[in-house]
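There are 2 protein chains.
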Amino acid sequence: MIDHLAILAPGLLGASVARAARHFGAARRITLWARRPEVRVQLKSQPWCDAVADTPADAARQASLTVVCAPVDQIVALTSEIAPALPAGAIVTDVGSVKGEICRQGHKALPAGRHFVGSHPMAGSEKTGWEHGRADLFQSRVTFVTPLPETDPKAAEAVAAFWTALGSDVAGFAPDAHDEIVAHISHLPQVLASTLCASLAKRDPKWRNYSGGGLRDTSRIAGSDPKLWKTILEQNRDEVLRALRAYQDELHGMERALANRDWFEVQAILERGRAYREQFRPIP
Amino acid sequence: MIDHLAILAPGLLGASVARAARHFGAARRITLWARRPEVRVQLKSQPWCDAVADTPADAARQASLTVVCAPVDQIVALTSEIAPALPAGAIVTDVGSVKGEICRQGHKALPAGRHFVGSHPMAGSEKTGWEHGRADLFQSRVTFVTPLPETDPKAAEAVAAFWTALGSDVAGFAPDAHDEIVAHISHLPQVLASTLCASLAKRDPKWRNYSGGGLRDTSRIAGSDPKLWKTILEQNRDEVLRALRAYQDELHGMERALANRDWFEVQAILERGRAYREQFRPIP
Numbered sequence: 001m002i003d004h005l006a007i008l009a010p011g012l013l014g015a016s017v018a019r020a021a022r023h024f025g026a027a028r029r030i031t032l033w034a035r036r037p038e039v040r041v042q043l044k045s046q047p048w049c050d051a052v053a054d055t056p057a058d059a060a061r062q063a064s065l066t067v068v069c070a071p072v073d074q075i076v077a078l079t080s081e082i083a084p085a086l087p088a089g090a091i092v093t094d095v096g097s098v099k100g101e102i103c104r105q106g107h108k109a110l111p112a113g114r115h116f117v118g119s120h121p122m123a124g125s126e127k128t129g130w131e132h133g134r135a136d137l138f139q140s141r142v143t144f145v146t147p148l149p150e151t152d153p154k155a156a157e158a159v160a161a162f163w164t165a166l167g168s169d170v171a172g173f174a175p176d177a178h179d180e181i182v183a184h185i186s187h188l189p190q191v192l193a194s195t196l197c198a199s200l201a202k203r204d205p206k207w208r209n210y211s212g213g214g215l216r217d218t219s220r221i222a223g224s225d226p227k228l229w230k231t232i233l234e235q236n237r238d239e240v241l242r243a244l245r246a247y248q249d250e251l252h253g254m255e256r257a258l259a260n261r262d263w264f265e266v267q268a269i270l271e272r273g274r275a276y277r278e279q280f281r282p283i284p
Numbered sequence: 001m002i003d004h005l006a007i008l009a010p011g012l013l014g015a016s017v018a019r020a021a022r023h024f025g026a027a028r029r030i031t032l033w034a035r036r037p038e039v040r041v042q043l044k045s046q047p048w049c050d051a052v053a054d055t056p057a058d059a060a061r062q063a064s065l066t067v068v069c070a071p072v073d074q075i076v077a078l079t080s081e082i083a084p085a086l087p088a089g090a091i092v093t094d095v096g097s098v099k100g101e102i103c104r105q106g107h108k109a110l111p112a113g114r115h116f117v118g119s120h121p122m123a124g125s126e127k128t129g130w131e132h133g134r135a136d137l138f139q140s141r142v143t144f145v146t147p148l149p150e151t152d153p154k155a156a157e158a159v160a161a162f163w164t165a166l167g168s169d170v171a172g173f174a175p176d177a178h179d180e181i182v183a184h185i186s187h188l189p190q191v192l193a194s195t196l197c198a199s200l201a202k203r204d205p206k207w208r209n210y211s212g213g214g215l216r217d218t219s220r221i222a223g224s225d226p227k228l229w230k231t232i233l234e235q236n237r238d239e240v241l242r243a244l245r246a247y248q249d250e251l252h253g254m255e256r257a258l259a260n261r262d263w264f265e266v267q268a269i270l271e272r273g274r275a276y277r278e279q280f281r282p283i284p
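Going down the list, the sequences are from chains L and R. Under UniProt numbering, think of the first position of the first sequence as 1, with each following residue one higher. Under UniProt numbering, think of the first position of the second sequence as 1, with each following residue one higher.
The set of hints was computed from the structure by calculation and includes no laboratory data. Some hints could be false.
When chains are identical, the list treats them as one kind, so a pair holds in a single copy or across two.
[Stated by the list, open to error] 30 Å max Cα-Cα, derived DSS-like pairs, lysine-lysine:
no.	residue 1	residue 2
1	Lys127	Lys154
2	Lys44	Lys202
3	Lys127	Lys206
4	Lys44	Lys108
5	Lys206	Lys154
6	Lys154	Lys44
7	Lys202	Lys154
8	Lys108	Lys202
9	Lys154	Lys227
10	Lys127	Lys108
11	Lys44	Lys227
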């Protein structure tokens, strides 16, 4: 159990960490800090919040574990800001969707005896905001924990144990390996859903109202926050471009098969897609 | 109310038509015909089936409305097969995903005083088979009804009224206009979901188990029947190719913006995608 948990900049994920930590008894005391004063006032009355700090450093000052929940382009700055206040042995983690640069810079930003260990829970919603937080958000979802070779193994273990306590299945990877994986299984699907909708928007927009469940599901994540995703794509540009180009080859193969009336190849692509889809592990 | 409804080759859609017709009291008598003798035996004991015929012609012989539920490449052949048996004034419709050729040939296949009117309910599931049929499958879903200029307007109205009685929202379009629309809102999403999975299958297949809800939803329809979809893509090849090429332009625009680090353009594409996605009519 974490003695004192600090959560900085809670949105959907941060509020869910707080709710889950309270629900599963994963932390004795939970302190939050939010950038906007009016949110700090609202957080004070939440049952999963023991204290609200006025600055990030004040929130982290006594915390054995601090979870930085800011957008990916602000995680390193917040980590640097709290670095001087951290107690000996303190661990800092985050929930950012991209890990390579954040882990390298987070590690450098902390003084000796304080540990940065990157995390990325594969949970979320196209709904953002701390009001939508849920104690069961991490239940049966994978959370990546991404230590560098120079990361203290005990700190990495503590972060993994925290996510496990919140109901998550932990997957350990080097930060760069993580970035390659999520470029394929998260950032590429986002690009496809968004460009599908952007492309359909150029035709008659009323058409969408004729669609069945297929377009609705395929395009769901296109409803996600564009600013947030711009930043994620920015931070993981090289891996996303690699995944996108490999995908475009596949799509071009389908176009060629259709153009050539090569129905054997069309069906072979559909079969390969189905074989992959059928092996998803079931989510309870 | 339809006096005598015949349903030929019931799979998920045909069984759902039968169940819904019984549930909503849309037909007095329901006769089914299935190609496989063992299915005919099983159908006999279903409460939404009054009689099972041994041949398509026998099923349609007294039917005021016959719904042909065979795959798109067998609809015209079945329509021709029952044509000589149809009573005066009989109407034949189908549930095929492509309409242009089927409607033109279906119209030609029937003698004077018998009417072919194409239908396409935008409902389904990656689960196929009559056992998965549901009385509420068409509830609040759009069903296209696609008369030709030469189609008897009263017959088109009767088919529209039938789908309305089953809970569907009817949309009337010329068959070719229908094919252009579904190429964009149904066939293109299928191609994207299938090629996404086919592309990811070339990397480490274990990665899929790390995915959150995003990839799961985006790829759901990749689990659909490849043979069925090969036939749909074959029948609507020209429109699908047009929609796919327009989409590839959009995707290439995203690739270029990422390659050029044009984050303003990346965000603009994401914004356009979200604006489109947010305006989907809610499904109850």
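Quick rundown of the hints versus the structure:
For the identical chains of this complex, Lys127 and Lys154 are neighbours neither inside a copy (34 Å) nor across copies (47 Å), given an alpha-carbon limit of 30 Å. In this assembly of identical chains, the alpha carbons of Lys44 and Lys202 never lie at most 30 Å apart, being 46 Å within a copy and 49 Å across copies at closest. For the identical chains of this complex, Lys127 and Lys206 are neighbours both inside a copy (24 Å) and across copies (28 Å), given an alpha-carbon limit of 30 Å. When the C-alpha separation of Lys44 and Lys108 is checked against a cutoff of 30 Å, the pair qualifies neither within a copy, at 33 Å, nor between copies, at 73 Å.
For the homomeric pair Lys206 and Lys154, the shortest alpha-carbon distance between copies (27 Å) is at most 30 Å, but the shortest distance inside one copy (56 Å) is not. In the homo-oligomer, the alpha carbons of Lys154 and Lys44 never lie at most 30 Å apart, since the shortest distance is 33 Å inside one protomer and 66 Å across protomers. In this assembly of identical chains, the alpha carbons of Lys202 and Lys154 never lie at most 30 Å apart, being 53 Å within a copy and 35 Å across copies at closest. In this assembly of identical chains, Lys108 and Lys202 lie within 30 Å of each other by CA distance neither inside one copy nor across copies; the values are 46 Å within and 36 Å between.
Neither within a single protomer nor between protomers do Lys154 and Lys227 lie at most 30 Å apart by alpha-carbon distance, with minima of 35 Å and 52 Å respectively. In this assembly of identical chains, the alpha carbons of Lys127 and Lys108 never lie at most 30 Å apart, being 33 Å within a copy and 52 Å across copies at closest. Taking the shortest Cα distances, Lys44 and Lys227 sit within 30 Å of each other inside one copy (28 Å), while across copies they are farther apart (57 Å).
When held up to the earlier numbered hints, the structure conflicts with 1, 2, 4, 6, 7, 8, 9, 10 and fits the remainder.
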